[in-house]
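The lines below spell out each chain.
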Amino acid sequence: MSDLLETLFLSKIYQSPLVLASGVLGLTADSMRRVLEAGAGAVTTKSFGLEPRKGHACPVILPYHSGLLNAVGLSNPGVDEMVKEIKKLHQESKGGIFASVFGKTPEDFGEVTKKACEATPDLIEVNVSCPNVASEFGAPFGADEFSVANITRIVKKAAGDVPISIKLTIHCPSIEKMARVCEENGADALTAINTVGPGMLIDTGVMKPILANKVGGVSGPAIFPLALKAVWEICANSSLPIIATGGVRTADEALQMIMAGATMVSIGSGIYYKDIEIFTHINQDLTAWMEARHIHSLETIRGAALE
Amino acid sequence: MKTFPVIDIKHHSAEIKSIYFKQIEPDIYPGQFFNVWLPGVDEKPFSISDVFQGIMEITVKAVGPFTRALVAVERGDFIGLRGPFGTHFTFHHHALLVGGGMGIVPLRYLARMLRQQGFHFEILLGARCEKEIPFQNDFSEWAPTTFVTEDGSLGYQGQVTEYIHEKIRESKLSFIYSAGPEAMLIRVMEEAKKAGLNYEISFERYMKCGIGICGQCVVNGSGIRLCKEGPVLSRNMAETVTEWGIPHRDATGKRKV
Ligand SMILES: Cc1cc2nc3c(=O)[nH]c(=O)nc-3n(C[C@H](O)[C@H](O)[C@H](O)COP(=O)(O)OP(=O)(O)OC[C@H]3O[C@@H](n4cnc5c(N)ncnc54)[C@H](O)[C@@H]3O)c2cc1C
Ligand SMILES: Cc1cc2nc3c(=O)[nH]c(=O)nc-3n(C[C@H](O)[C@H](O)[C@H](O)COP(=O)(O)O)c2cc1C
Ligand code: FES
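One line per chain: the protein sequences are A and B, in this order. In terms of this note's numbering, the first sequence opens at residue 5 and continues consecutively. In terms of this note's numbering, the second sequence opens at residue 532 and continues consecutively.
Because the hints were derived from the structure by calculation, they are not lab data. There's no promise every hint is true.
What the hints assert, rightly or not - Facing chain B, according to a computed beta carbon distance under 10 Å, are these residues of chain A, among others:
no.: 1; residue: G27
no.: 2; residue: G30
no.: 3; residue: S35
no.: 4; residue: V76
no.: 5; residue: P81
no.: 6; residue: E85
no.: 7; residue: V87
no.: 8; residue: V210
To be verified - Chain A residues, not near chain B, derived (Cβ > 10 Å throughout):
no.: 9; residue: L14
no.: 10; residue: C62
no.: 11; residue: P63
no.: 12; residue: P110
no.: 13; residue: T124
no.: 14; residue: A143
no.: 15; residue: R157
no.: 16; residue: P167
no.: 17; residue: P202
no.: 18; residue: G203
no.: 19; residue: K233
no.: 20; residue: T254
Ideal Cβ positions, reconstructed from N, Cα and C, are used throughout, including at glycine.
Work out the full structure: start from the sequences and follow the hints.
Right, dumping it as structure tokens:
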């Protein structure tokens, strides 16, 4: 890989600005290593909590013509198992590892973070915005400024030297205000956005919602313009580095995110459309685009669309 | 995902049934699977056991809550199907098909295809008892078939793996296809290696999405996804897997101990 794509993010240099988004192929070290080998600069683990969770009954993931619907329900093997996988991945790969954590209560977030940091991830990503466990957890914390401020402070304290990023949802009164709340309470970075909705699909044969959870977060191409606008708004109002997430499938879309001010660009649903090689292909296309314009660093175009 | 009406049902035993649908996709190959959705219950993976004259078939053994509900469906019920997913068996001359338990199911459609291509092949099938071996007539009609049961109720008494070596040598076979319990697959791979033969095996793990994104079915080693780069693995792929015979991951992703 050419070093044109080297990206400085929170005082570490990554080989590529591309990141694997949380929840996709992020359960085991070998699975994440494969994504790093395909060209991702960093991988984000599946969000994990203190205890193992089975998640919802299947179907949990449903493609439709414009994107995916998912209600996995935060299934995960628990922090102890994930710490082992992160340690293993650290030994086997130089790529970045972001640990995504969630909790049932603000205190849980702190405890999971403390344990996760035993594996020295490069970043703790704080999932305050999963829309798929509302029946169990109530409305996502991410909708409420007071909760987000509180969780940010707790996680920041628990994380010690490891930087933290708060993962935002567009379902809050004002995402720019939420970004400032995170910044003021100690966040080092922001990830935007989580899935949108939730939405629903009904089978007309049996006349019932198809997802076992009935509703699920929408991701993929359908949400790209929503994610891009959210990133643009956040970057116009905050100086924190951003991991842009939502519907990216091509180098052109990754560039749009960077021009809106993103530092890293993460990809989840894109793997459904273009498989794991999506990282290889976007890296190649980004490099070709830069070479054609004699651009030596993505830094020179970052936020170009903000003016 | 769409739902389709069940057009017929066949009982093999109290626990094993075949369920028939109109063929929903033009290209379906042996070894591939469908995610089968029972509205209000769950969605789980099942191998295709036959495609013939525009009709496709899955064959299910009741072993738990979902499969018990699935064998209870009736003609006319609407059932969701997504697929076909995953890799499939490729066609080779002079092969031995080794099936154990419900691993017999995908080999049934493979046997039909091999016969259609006019290939020579032989079959070795094992299960606990006679009742657990569906499609006995088809197999016996299509190729020289040896049955092995643990209780001796059909064919030889014992384990299929005891007969692989002999079969390969006697019939000068040069390729092995296998599906079934993991302990059996491990023996098959050992035998194939000893005999210097190539093989394809169908290898199963807990699955959720079926489309290569949830990560549930990833195996240790090269990190391959069994719903996408599997369930049928070539010898080269199988040799990259480092978790043979260790406890599987469950719905949480944690290994059972
Ligand atoms: C690619 C593939 C093809 C299969 N083909 C067939 C087939 O043709 N016929 C057949 O009868 N069975 C087949 N199975 C197995 C079938 O999916 C399980 O028997 C079924 O999911 C069990 O569900 P349950 O609720 O009845 O039992 P449970 O009590 O939940 O489980 C019984 C066993 O099935 C396994 N299992 C449960 N859920 C899953 C899951 N989501 N994915 C994979 N394994 C699971 C469990 O690990 C356990 O070993 C196949 C499995 C895979 C992965
Ligand atoms: C199957 C699936 C599972 C997901 N699980 C998580 C999760 O555990 N934690 C999280 O923060 N985001 C999760 N997400 C959201 C993604 O990380 C991402 O924010 C969102 O899907 C938008 O990006 P995309 O369009 O590239 O997928 C999940 C998304 C999908 C499709
Ligand atoms: S079942 Fe989801 S990746 Fe294979």
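Of the hints given before, which are not true for this structure?
The structure conflicts with hints 7, 10, 11, although it agrees with all the remaining ones.
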